[in-house]
Amino acid sequence: MAYTSDTRIKNILKDIHIEVIKELSKIGLGDNLTLRVFDESSEDGRLFTNGGLTFKDPNTNAVLGSNDAGWIYNGNPLVIVEGTFGTERGQFGDGQLNRFSHSTGVALNGFIGVTFVPMHGESYSKSGTNQTNVDSKIKIKPAKIHKGFLTGAIAISEKEKGWFLVIDAYAPEVLCKLIIESVKEKEGIKNELQKTIDDIISVMKFHLGSSKYGARSIQLITNLYDSGGKRISSRSRMYTQNYAALTTSTKRDGHGMLGKNLVEIYSGPKSSNYYAIFIRLRKNEIKLLSQRNSKEFQYIFNHPKVNVKCFDDLKFNDPKLKIALEGIVSVNIFQNRQNDLIKAIQTAFNNGEIQII
Amino acid sequence: MALKKTELLNIFKVIPFDLLELKGIGTVIKMDAYSAFDFSAITGANYLVEPIGVTMKGRNETFIHRAVFQEGSYIYSPGLFERNINRSLSEGNSADKLLRLYPDVFSGDKYILINEISTGSNSNIDINVYNEIEKHGFNPKNFILYKLFESGQSQESIYEYFTSLFYIKKGYIVENQTPWFQQNYLYKGERLNGGIPDFSAFKTDIINPLREFSILSSNEGILINKIPVIKNFRTIKKKTNFTVSKVNYDLIIGEVKSDNSSIDQAIRQMNKYSNVELANKIYSIIPNCKNNGSENFGEFYLDQNILKINESKKSLTVNSVSQQIDRDWINVNVKLNLLGNANFNLLMQYLINKYGLTKDEIKSFHLIDFAMNISIPDIIKII
Chain A
26 MAYTSDTRIK NILKDIHIEV IKELSKIGLG DNLTLRVFDE SSEDGRLFTN
76 GGLTFKDPNT NAVLGSNDAG WIYNGNPLVI VEGTFGTERG QFGDGQLNRF
126 SHSTGVALNG FIGVTFVPMH GESYSKSGTN QTNVDSKIKI KPAKIHKGFL
176 TGAIAISEKE KGWFLVIDAY APEVLCKLII ESVKEKEGIK NELQKTIDDI
226 ISVMKFHLGS SKYGARSIQL ITNLYDSGGK RISSRSRMYT QNYAALTTST
276 KRDGHGMLGK NLVEIYSGPK SSNYYAIFIR LRKNEIKLLS QRNSKEFQYI
326 FNHPKVNVKC FDDLKFNDPK LKIALEGIVS VNIFQNRQND LIKAIQTAFN
376 NGEIQII
Chain B
4 MALKKTELLN IFKVIPFDLL ELKGIGTVIK MDAYSAFDFS AITGANYLVE
54 PIGVTMKGRN ETFIHRAVFQ EGSYIYSPGL FERNINRSLS EGNSADKLLR
104 LYPDVFSGDK YILINEISTG SNSNIDINVY NEIEKHGFNP KNFILYKLFE
154 SGQSQESIYE YFTSLFYIKK GYIVENQTPW FQQNYLYKGE RLNGGIPDFS
204 AFKTDIINPL REFSILSSNE GILINKIPVI KNFRTIKKKT NFTVSKVNYD
254 LIIGEVKSDN SSIDQAIRQM NKYSNVELAN KIYSIIPNCK NNGSENFGEF
304 YLDQNILKIN ESKKSLTVNS VSQQIDRDWI NVNVKLNLLG NANFNLLMQY
354 LINKYGLTKD EIKSFHLIDF AMNISIPDII KII
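So the sequences go chain by chain: A and B. Start counting the first sequence at 26; every next residue gets the next number (this note's numbering). Start counting the second sequence at 4; every next residue gets the next number (this note's numbering).
Next up, chain A with everything else stripped away, as it sits in the complex:
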């Protein structure tokens, strides 16, 4: 059958729980530990305090993404897990950021949030590569965990109250150990919780390598200036979606946008303000979006650390660049890439030739 990976994830997490209880029972523990998991994912979306698996951002009160299962100790969150096999089901790039807010919510509230995902997935795809000595109908495209995802998770773990850990879905023993050591820590007995967390973060850093966030991005802005020539940000982003892209395929674009915002807010320089600049939107469209009942837009437009700007907030030194940007307002960028123009606009921002009014 072709279920979403939810069913498979939940089966795996239940199997992990059975194993955890078995191990804890050997040392007389486990009575205070329960697993909160629902057969259907709609209940995941209730707030944790209402019996669900979802958390609010304590800074903004906005609801973040839901999780798949939660280990609870004496009624309180212990380890909350969001699982996905997206890296094996065609999620190669920024689509992975769709889930970033889920474990973020847990960590911001001071608990251990885990995203359980294959760090190195194998997606089977008609546009993949033939493998040696097997039928030509079998083609594979590898998908590695998004480095931005890891960057954001590490930053949140370092800066915030809780932990945002990424564990390989094919290393369930690591998740097992994390839960067991967490229980021991709560019980006040000798434990290896901190070492376990440190080991997990080491693996995350290993997969991140020496990657510099956004090095190849044509939308990240590292120098943003106001019209007085003052540098106002060293980490901002221009978003290229137009109104149609954000409202007719909102679910996908909104989730990814939220993920990117979160990664960049938390991983950027602490001293820098963050600007989300919607270069193809006008003020009236921003207003309409801010009124939509979508948690992604509500989060971005109300976050105290996110300054939302649009085309009307920009001053162009080069009028031709302004006209060129106006000319692509209605273009479907997904089907008709405008990379050269976007790159030129990025350069103009970084050089101070486009400023924020």
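Hints in this document: simulated from the structure, not taken from any laboratory. Among the clues, some could well be false.
In silico EDC-like links for lysine to aspartate or glutamate, alpha-carbon gap of 16 Å or less [what the hints assert, rightly or not]:
no., chain 1, residue 1, chain 2, residue 2
1, A, Lys39, A, Glu65
2, B, Lys100, A, Asp40
3, B, Lys357, A, Asp160
4, B, Lys100, A, Glu44
5, A, Lys184, A, Asp223
Reference listing, derived: stretches of chain A covered by chain B, where coverage requires no fewer than 3 residues with Cβ under 8 Å from a Cβ of chain B [as the list claims (entries may be wrong)]:
no., segment
6, 54-65
7, 163-169
8, 193-204
Per the computed footprint, the stretches of chain A lying under chain B, defined by three or more beta-carbons under 8 Å from a beta-carbon of chain B, are [to be verified]:
no., segment
9, 39-46
10, 109-122
11, 150-159
Please read these numbers as outputs of a predicted model, since none were measured by experiment. For every residue, glycine included, the Cβ atom is placed at its ideal position computed from N, Cα and C.
Position chain B against the provided structure of chain A, taking the given hints into account.
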């Protein structure tokens, strides 16, 4: 049309399944282990073999999309067989492993307990029900918990289950949440969108060897989820004097809704399925919809607790080339599922020998290639 518990019990009674009154528990549906497996695998109902509840749903994932819609490519996902952190093939939900972990699933009568979940209540009640059953002196491991939501949510799988019973009796292999395609498929110059059909029933020439080796009984079909664990239910052995019969490719697709109010959505979806010209027949499966208003699609509906069928007035156009590609894909899928019965270490040895690699070098794609090139009799030798 949100089913209530009494209505659902009445449908089971008519099938017929035995209903029993258990003191302190209430009315339960009695099924043998063989039948109960299908119920859990399709609806997601949890066996209370552990307090947390364990389902047989979602344990035999092989292909996510059909090859005919992917330019012939096989779009695989681990699930039935797993992989490890180094991407080497590993045992997943094999017959041996599931028997080892959950032996009570495969023997003994089971009692389906229907719990109504009121709107707004949390449904993770398995531990509570487990304890309650124990308190009344019964063994929870003999029970399967089915959660019936007052809101009507998640009831579609019940109709998938009843339709499965119908087609299994007619000798089909059945599957719910059918692999199809999701994004664009270019067909006759047009970009078509797909979906995930709720239900399918199919036959290909692979039915013959499955019958010959007693994986299927003489007349009945099977739920595809059960193929990987069939040896836990019956002895796989060659029948003497087996006669091969002609079995043509036949694919039936069903779109399920729990109420007639969603008929327009169902028709839109069925139109998408028919546009690709693969299925021989397409039905709406809606309990209170006797007439879906389309000449192209038949209907399954409930009439006094009995599932009834109306045939469509018109036949669908099918593409025989597409069906040939799909037939090959179905056969590989069935063989992969059947390999779930093999002792995993022995299977690995076959793969190591065939590809001249070490255990760590054997990947999922070797298994798929192996399944593409092996016959059912040769799989039986491994099992």
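Lys100 (chain B) and Asp40 (chain A): Cα distance at most 16 Å?
-> The given pair, whose Cα atoms are some 12 Å apart, holds under the 16 Å limit.
Chain B over the segment 150-159 of chain A, status - at least 3 residues with CB closer than 8 Å | holds (count 6)
Between the segment 39-46 of chain A and chain B, see if three or more residues pass the 8 Å beta-carbon test, and mark the coverage as holds or violated.
-> holds (count 4)
Between the segment 54-65 of chain A and chain B, see if three or more residues pass the 8 Å beta-carbon test, and mark the coverage as holds or violated.
-> holds (count 7)
Taking a Cβ-Cβ distance under 8 Å as contact, does the segment 109-122 of chain A have three or more residues in contact with chain B?
-> holds (count 3)
Verify the proposed pairing of Lys39 (chain A) with Glu65 (chain A), using a straight-line Cα cut of 16 Å.
-> 14 Å, holds
Count residues of the segment 163-169 of chain A with a Cβ under 8 Å from any Cβ of chain B, then say if the count reaches three.
-> It holds, with 3 qualifying residues against the three required.
Between Lys357 (chain B) and Asp160 (chain A), does the CA-CA distance stay at or below 16 Å?
-> With a Cα-Cα distance of about 14 Å, the restraint between Lys357 (chain B) and Asp160 (chain A) holds, given a limit of 16 Å.
Has the segment 193-204 of chain A got at least three residues whose CB is nearer than 8 Å to a CB belonging to chain B?
-> The restraint on the segment 193-204 of chain A holds, since 3 of its residues have a Cβ under 8 Å from chain B and three suffice.
Compare the distance between the alpha carbons of Lys100 (chain B) and Glu44 (chain A) with 16 Å, and conclude whether the hinted pair is satisfied.
-> 15 Å, holds
Is it true that the CA of Lys184 (chain A) sits at most 16 Å from the CA of Asp223 (chain A)?
-> 15 Å, holds
Going down the numbered hints, you'll see the structure goes against none, and every one checks out.
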